[in-house]
Amino acid sequence: MRESDWLEALSEGNFDWFDELVEAYKHRIYALAYRKTLDASEAEDLAQEIFLQFYRKLPLFRGEAALSTWLYRVALNCAASYVRKRRTPLLPGAPPETASEGEPSDGLLERERSETVMSALSRLKNKEREVLELFYFQRHSTAKVAEILGISPRGVETRLRRARESMKRILAGTGYFEEVTGDARNRSIRALV
Amino acid sequence: MRETDPFERLFEALPAINAPSGFESRLHARLSEELAAAVQKNVFRVSGIVCIASALTMFIVLHSPLTSLIPQALEALKGVLP
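If you read the sequences in order, they're chains A and B. So the first sequence is numbered by the working numbering: it starts at 1 and just counts up by one. So the second sequence is numbered by the working numbering: it starts at 1 and just counts up by one.
Heads up, some of the hints might be wrong.
What the hints assert, rightly or not - Computed list of lysine-lysine pairs in BS3-like fashion (alpha-carbon distance at most 27 Å, straight line):
| no. | chain 1 | residue 1 | chain 2 | residue 2 |
| --- | --- | --- | --- | --- |
| 1 | A | Lys125 | A | Lys26 |
| 2 | A | Lys85 | A | Lys127 |
| 3 | B | Lys41 | A | Lys85 |
| 4 | A | Lys57 | B | Lys41 |
| 5 | A | Lys26 | A | Lys144 |
| 6 | A | Lys127 | A | Lys26 |
Because the hints were derived from the structure by calculation, they are not lab data.
One chain only, chain A, in its complex shape (with noise of 0.2 Å):
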């Protein structure tokens, strides 16, 4: 079933295709949920509060929008509204599930690069984290990323050089962003390898 047919259910009053929209999207958004929380625990709690309010706003729907469209849109709003609660900074907590193979050293690797990346992440302004969290990680265009956020196309790419700016600003300190994009670092990653 894709999302027409869920639509097309919607518009029935049928809600059983829930179960396979939180199939389809359960593990993007419980990544989503896990950038903003830095903890799986806390990021398992908003990612169900994200589908909980997907569901209890699915009668306002209109369909002036694609459904994974207002579902990214309540998952941004539900995000930003729990760190604002969160009386306490963010911090790394308990890491999640990863699907990682491999030595153990690679896993360990692979975690404090993961950490330096999530630890800068953190360390933007909302607007850009947002922008780069649906451009990268959830892998959408340009176009949909506006449709998202209710800006303009332009405006996502503005935002967009801002966001990579900002990183590479701070993860400089850290030496990573040359490590893991310039030379430097594929001769190292190929002497890992």
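Mind docking chain B on chain A? Use the hints.
Just chain B, lined up with the frame of chain A:
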């Protein structure tokens, strides 16, 4: 454009994050709880509306000019009846 974007490489190097096992069942439990609470809330709301409506009806009946005529009507009836 994505292929040449260094940020693609930066983020692709990160491990994929998956929802934990049992995520759907815990979500279902929360959804069921919420639906049950909504039903209960509606029952309370309907009961409340019925209570207020009953009280209002009683108030209107007791304070209506017609109600004040009942004792006079009874007196009149007493006079008429043998």
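Right, here's what the structure says about each hint:
no.: 1; hint: A:Lys125 x A:Lys26; result: holds, 25 Å
no.: 2; hint: A:Lys85 x A:Lys127; result: holds, 18 Å
no.: 3; hint: B:Lys41 x A:Lys85; result: holds, 26 Å
no.: 4; hint: A:Lys57 x B:Lys41; result: holds, 18 Å
no.: 5; hint: A:Lys26 x A:Lys144; result: holds, 19 Å
no.: 6; hint: A:Lys127 x A:Lys26; result: holds, 23 Å
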